[in-house]
Amino acid sequence: MEIIPGITINHYLIVSAILFSIGALGVMMRRNAIIMFMCIELMLNAVNLLLVAFSKQWADTSAQVLVFFIMAVAAAEVAVGLAILMMIYRNARTTDTEVLNKLKW
Amino acid sequence: MSPSTYVFWFLTFVAVLSALNVVFTKNAVYSVLSLIVTFFAIAGHYFLMNAQFLGIVHIMVYAGAIMVLFLYVIMMLNLNETFETNKDTFFHIAAVIAAGLLLVTMVAAFAKTDIQMQSMVDNSEIGYLEELGKVLFNEYLLPFEIASVLLLAAMVGAVYLSKKEIQV
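Those protein sequence lines, which keep their order, are chains L and C. Last residue of the first sequence: number 105 in our numbering, and the count goes up by one each step with no gaps. Last residue of the second sequence: number 168 in our numbering, and the count goes up by one each step with no gaps.
Pulled out of the complex, with its shape left as it was, chain L reads as follows (with noise of 0.2 Å):
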């Protein structure tokens, strides 16, 4: 079944895990915490628009009930992220996280 003409489910399987990969390879690769915490919303996205087309697909309201709550917990969490990355700028003067290594032994 279609949800759009001509584009099926698994078109957006494959959109949705290629953006997630691709945030997943930004918090592998990038050492500047803020660019590492926007791959993170990059994969939050990913998930959320699969979400939205399984609800098409399925045709349910409960999958895009789920990613509105997802955004309010995306929301949540980049105010109180953001808010930590601030406190440790202060106190180390960076956020490369080569250098927040005093937990790593």
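These are computed hints drawn from the structure, not numbers from a lab. Certain hints may be false.
[Stated by the list, open to error] Below are the DMTMM-like pairs computed for lysine to aspartate or glutamate, each with C-alpha atoms no more than 20 Å apart in a straight line:
hint	chain 1	residue 1	chain 2	residue 2
1	C	K26	L	D60
2	C	K26	L	D96
3	C	K134	C	E145
4	C	K163	L	E77
5	C	K134	L	D60
6	C	K26	C	D114
Quick caveat: nothing in here was measured; it's all calculated off a predicted structure.
For chain L, the structure is supplied; the task is to place chain C on it using the hints.
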């Protein structure tokens, strides 16, 4: 190919290219701007799937609030130029290979999975505000209220963390 198919591929290419730009650009401000482009493309996908409410909320929350917060923090920390330590290319290649393996694993799992293609009932109404509101305020009323408590707690936490006196 119908027009919506072209729109789908256009939005997909925009989203993937700007997402790659987020990861590979050196300047943090350009990363944020690329991520905003990605979010607009994803909002376009929502509109394409007839989920107008989520599309609008996505633009407001992500492009309007979250990314402005990121830009604000980058401005306050003065991270315009790159602050990252130089790493060897081996590390970059290892990260790219790991992410590529993740993608291959996910795609292979999707290919193996038999997603039941059930015959859809008429779903053109699914993304409308009216339908969403009915479900949200009947079935999901308690989670909705708890989400507001979560946002309040996050706000209090952010304000407390931003106070000057705290020392790590």
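Verification of the supplied hints:
1. C:K26 x L:D60: 41 Å, violated
2. C:K26 x L:D96: 13 Å, holds
3. C:K134 x C:E145: With Cα atoms ~15 Å apart, K134 (chain C) and E145 (chain C) stay inside 20 Å; holds.
4. C:K163 x L:E77: Holds - the C-alpha atoms of E77 (chain L) and K163 (chain C) are around 18 Å apart, at most 20 Å.
5. C:K134 x L:D60: With a Cα-Cα distance of about 13 Å, the restraint between K134 (chain C) and D60 (chain L) holds, given a limit of 20 Å.
6. C:K26 x C:D114: 41 Å, violated
Consistency with the previously given hints fails for numbers 1, 6, ordered from lowest to highest.
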